[in-house]
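Colleague: One letter stands for each residue in the lines below.
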Amino acid sequence: MTSCMEAVAVRTGNRVLGLLPGLAALLVALAAPCDARGTAAPNGADLVRVGVLAYRGSAQARSRWAATVDYLSHAVPGYRFELKPYSLDGLEQAVARDEVDFVLTNPGHYVVLEAGYGVTRIATLRNRVGEHVLTRFGAVIFTRAGASPVHSLADLAGRSFMAVSPRAFGGFQMAWLELKRHGIDPFEDLGDLRFVGFPQDAIVRAVLAGEVDAGTVRTDTLERMAQEGAIDLDAIRVLNRRFEPDFPFFLSTELYPEWPFSRSRNTSQDLAQRVAVALLTLDPEAPEARAAGTAGWTIPLDYTPVHALYRALDIGPYANPVTLADVVEQYTPWLLAWSLVLLALAAATAWTLRMNRRLAVEVTERKRAQQVLARHRDLLEQRVVERTADLERVNRQLAQDVAARERAEQALRRSDAVLKRLHRIIGDPTLDPAARTQRMLEAVCAYGELQAGVLARVEDGDYVVCARVGPVPAQPGTRWAVAGLPAEDVLRAGDLLAGPVDHAGPLGAWRFRIGIPVYVGDRVRCVLEFFGDAPALGGAMDQDVLRLVAQWIGAELARSEADEQLRRHQEELAHVGRLSAVGEMATSLAHELNQPLTAVVNYVGGSLRRLRAGSGADAGVVEAMERAMGEATRAGRIIRHLRDFVRKAPDEEDRVDVARAAAAAVELVAYEARRKGVRVALEVDGALPAVCASQIQIEQVLVNLLRNAIDAAQEGEGARVDVSARAADGRVVVAVRDSGPGLPAEVVGRLFEPFFTTKPQGMGMGLNITRTIVEGLGGRIEATNAPGGGAVFTVMLPGRTDDE
Amino acid sequence: MNEPLWVHVVDDEAAVRDSLRWLLESVGLHVRTHAEGEAFLAAYRPGETGCVLLDIRMPGLSGIEVLERMQQMDGEVPVIVFTGHADVPLAVRAMRLGAFDFIEKPYSDSLLLERVQRALGQRRRRRERELAVQKTREAFERLSPRERQVLAHVLEGHSNKRIAEALCLSVKTIEVHRASLMQKMDARSLAELVRRVVEAGLQP
Chain U
0 MTSCMEAVAV RTGNRVLGLL PGLAALLVAL AAPCDARGTA APNGADLVRV
50 GVLAYRGSAQ ARSRWAATVD YLSHAVPGYR FELKPYSLDG LEQAVARDEV
100 DFVLTNPGHY VVLEAGYGVT RIATLRNRVG EHVLTRFGAV IFTRAGASPV
150 HSLADLAGRS FMAVSPRAFG GFQMAWLELK RHGIDPFEDL GDLRFVGFPQ
200 DAIVRAVLAG EVDAGTVRTD TLERMAQEGA IDLDAIRVLN RRFEPDFPFF
250 LSTELYPEWP FSRSRNTSQD LAQRVAVALL TLDPEAPEAR AAGTAGWTIP
300 LDYTPVHALY RALDIGPYAN PVTLADVVEQ YTPWLLAWSL VLLALAAATA
350 WTLRMNRRLA VEVTERKRAQ QVLARHRDLL EQRVVERTAD LERVNRQLAQ
400 DVAARERAEQ ALRRSDAVLK RLHRIIGDPT LDPAARTQRM LEAVCAYGEL
450 QAGVLARVED GDYVVCARVG PVPAQPGTRW AVAGLPAEDV LRAGDLLAGP
500 VDHAGPLGAW RFRIGIPVYV GDRVRCVLEF FGDAPALGGA MDQDVLRLVA
550 QWIGAELARS EADEQLRRHQ EELAHVGRLS AVGEMATSLA HELNQPLTAV
600 VNYVGGSLRR LRAGSGADAG VVEAMERAMG EATRAGRIIR HLRDFVRKAP
650 DEEDRVDVAR AAAAAVELVA YEARRKGVRV ALEVDGALPA VCASQIQIEQ
700 VLVNLLRNAI DAAQEGEGAR VDVSARAADG RVVVAVRDSG PGLPAEVVGR
750 LFEPFFTTKP QGMGMGLNIT RTIVEGLGGR IEATNAPGGG AVFTVMLPGR
800 TDDE
Chain E
0 MNEPLWVHVV DDEAAVRDSL RWLLESVGLH VRTHAEGEAF LAAYRPGETG
50 CVLLDIRMPG LSGIEVLERM QQMDGEVPVI VFTGHADVPL AVRAMRLGAF
100 DFIEKPYSDS LLLERVQRAL GQRRRRRERE LAVQKTREAF ERLSPRERQV
150 LAHVLEGHSN KRIAEALCLS VKTIEVHRAS LMQKMDARSL AELVRRVVEA
200 GLQP
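Protein sequences, first through last, are from chains U and E.
Residues in the first sequence are numbered from 0 upward in steps of one, following numbering that gives the first Met the number 0.
Residues in the second sequence are numbered from 0 upward in steps of one, following numbering that gives the first Met the number 0.
Here chain U stands alone, though its shape is the one from the complex (with noise of 0.2 Å):
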């Protein structure tokens, strides 16, 4: 909707540019920030403003990112990304004016705007350095190696330091609070505390070069400098260096996550989601990916080292403002002086702050309360102008083309009889897509007195057959080269053709032939043919019937074209949410296939001792091989298991036994509840009618719920899980209750968004994909909390009648 006024408003400002240009401008400047999203690109798809920290100027920025910012464009249809370089204050104020869609920061710039602005990670980048591809980076501290009396962050009192700048986040403060930490304020202590800027290069030279006594830069500058051959490492002793596992470059700080991709808070969900699964689907060997010195981009990571910083240093979000005691000591006279001035003009403002204040909090918690309601309403306008939009037209010009049919009394007797009931056609809800098709195609054979129709869809030059009418021989799915058929003429034509007809090729030989090409947006998808031998057809009034049908169809290709783009996105947010899932779990992953592999190990080695030995193959060794055998197999079984889960698509619905993809679930999870010591207990109740699904769907919907269960249950006492399923009306009712502290009401109604999360860790999509999945199997998901205690999340699934 929003889009849709902007528009308008970008056109009458062109319009108008001419004459009042200041006018023009301000009319542009009034829609710009209506709505983040919204802005018309000239190509017609919405414009994104992804803001990104030019920390070494634009130019920079743009040739690292901009292939990054392209592929979104490509990877989000209907979008175009664009891609805003800015300072650190200029993002900051783009951000708070709703300027930016995306926010790509560092770290420390994020913690900033998360607190002051509301933008939440959706993905964390994965830097490649050389062959390392690493999530986290920190800051290293060094001096000269050799003569410098520099050992320790203490020697560093009285010497002098250089950094990037104060609000650098690895180029400086990162230091800075390892720094504080051994006593050392480097706006106090430090003789000389020089900031340089980027490159950071600089910093490096510098100390080597013996201008300054020590200086940092981010991890893996001092490596990546001394493989250009610029320094030698041996020429650098780092201070207070530290080991973290897995990290291969020399540290003095503690690791932090790397950049966040960030959404702003006014960006659309759906988008949001999008953008987060074509980050993540980005393969790490892409140019676009290597364009940017990166390895791709994974979920996104815990900040909250990051808070910690900010808090530590009171800086950033957690910035103490100046103390009233200290202004008071400072300024005692004139304080007394002037709090009599300040006196009289408080009881004054008093009543007109607190009215302020009253109404500021009364219109802040109407307009959030309008932009939730704003938000459904979009939401459910545009859902209802997609579904009825077509049909509407359709309508429109049915009512039209009966109005003007009045007119002609011959005409209109024909043209209303079947203009009636093509409508009743296209009214009736029990018929699909396709027998609806089918007799349209017959009300226009019997209106026109034709023999045959054929609805034939138009790709690579060759003619499918998609529906017919008559004796034509042909089946649906029978393919022709276009060339030397009657369509060919109608396709280059690009309109409507009516007239005789020498041959009509394999359709059969026919004297008369009336084709029209069915448009989808600008594109020709289909053609649309009637053959016969005494055709009634030829009237200017006939023909718009028939135009009318073609249009019908081709509003009918749309939607089912959207529809399937629908499908195919949830399905690909759904194998992602599956991959994270099993990514999370790896390592409890990897302890379930030890024990078959340590009784493996066991069984065999033992059988070959006694076999050494000469004691003999007894029926011993026999059966400890059976045994082993039966460890592999089942080793083999969880890798199977788990290769199918994360398989891209989905098998085919078809009947789903719950019980057994339950009991699959719990195996998926048993390990992670063993790590965890929880128990999972499932309990199935007599029969259940199968359910129409496939059995990945229904175990990605238990995994998930499973693996929020037992975080939830890990925080409490006797920690357990208990899947209950029952079969209920006819449906089956899934119960996955925890023994954790239940949900807070403020979570409650929040829970199924996307990116809603309260673990650190993780993406916000698991239960918004369960429900997307349960919802497109016809079902139902509640979250409660027990009458004893812990959450209940309640599945509902209708069963599958015998007759489907």
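To be clear, the hints were calculated from the coordinates, so they are not data collected in a lab.
Any given hint might turn out to be false.
Listed next, the in silico EDC-like pairs over lysine to aspartate or glutamate satisfying Cα-Cα at most 20 Å (straight line) [what the hints assert, rightly or not]:
no.: 1; chain 1: E; residue 1: Lys-134; chain 2: E; residue 2: Glu-47
no.: 2; chain 1: U; residue 1: Lys-675; chain 2: E; residue 2: Glu-35
no.: 3; chain 1: U; residue 1: Lys-419; chain 2: U; residue 2: Glu-441
no.: 4; chain 1: U; residue 1: Lys-675; chain 2: E; residue 2: Glu-64
no.: 5; chain 1: U; residue 1: Lys-675; chain 2: E; residue 2: Glu-47
What the simulated footprint calls covered on chain U by chain E, stretch by stretch (three residues with Cβ under 8 Å from a Cβ of chain E suffice, anywhere in the stretch; the number is not a length) [unchecked claim]:
no.: 6; region: 600-606
no.: 7; region: 666-676
Glycine included, each C-beta is placed from N, C-alpha and C at the ideal position.
For this one, chain U is given, so just place chain E on it according to the hints.
Modeller: This is chain E only, laid out in the frame that chain U set:
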């Protein structure tokens, strides 16, 4: 000395337990298996135990808790802890609690057997020393008061003559006591006698 030293296996998974028994028995070891920590501690006799193979992650009593309880009972029995590859911090805790060694699952069978043999070797040597000390103490208990007096002087390095003067006895009598206590303490030389007494921590 030749009584069997038992290898105790504590693991909640039946397949791991049974297969370990099969492997350990293939080299002639005596094995007892337990499905949980409580059951193991109830059946545990430190004196008869050679070593313990303990899974660190178990429901109920965890491997760490079992180790702590064993510490209170007898710290001399070597314990080998099973871990997974992500359990390094747990392994470190186990080693701090005095575990003999840790092995990551899955392991090679010969590595496991080698570690078990090493643990048993250590256990046997300690056990022999314990038995020797016990024997010395029993022998010491059997000495007469006079023999203990003589022993105290001998350990001070005094000659028979000086001991005789100190105890107002004849040198001949001292020689008899001395021979008798050497025999009782099963020592063939003065050096051996001193070592026995020091090892057993005796104060005559």
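Colleague: Between Lys-675(U) and Glu-64(E), does the CA-CA distance stay at or below 20 Å?
Modeller: holds, 16 Å
Colleague: Starting from Lys-134(E), check that the Cα of Glu-47(E) is at most 20 Å away, please.
Modeller: holds, 18 Å
Colleague: Would you mind confirming whether the straight-line C-alpha gap from Lys-675(U) to Glu-47(E) stays at or under 20 Å?
Modeller: Roughly 35 Å separates the two Cα atoms, so the pair is violated.
Colleague: With a Cβ-Cβ cutoff of 8 Å, does the region 666-676 of chain U contain at least three residues near chain E?
Modeller: holds (count 3)
Colleague: Taking only the CA atoms, is the gap from Lys-675(U) to Glu-35(E) under or equal to 20 Å?
Modeller: holds, 17 Å
Colleague: In terms of beta carbon proximity below 8 Å, does the region 600-606 of chain U have 3 or more residues touching chain E?
Modeller: holds (count 7)
Colleague: Is the straight-line distance between the alpha-carbon of Lys-419(U) and that of Glu-441(U) 20 Å or less?
Modeller: Holds, at about 14 Å.
When the structure is compared with the earlier hints, a violation turns up for hint 5 alone.
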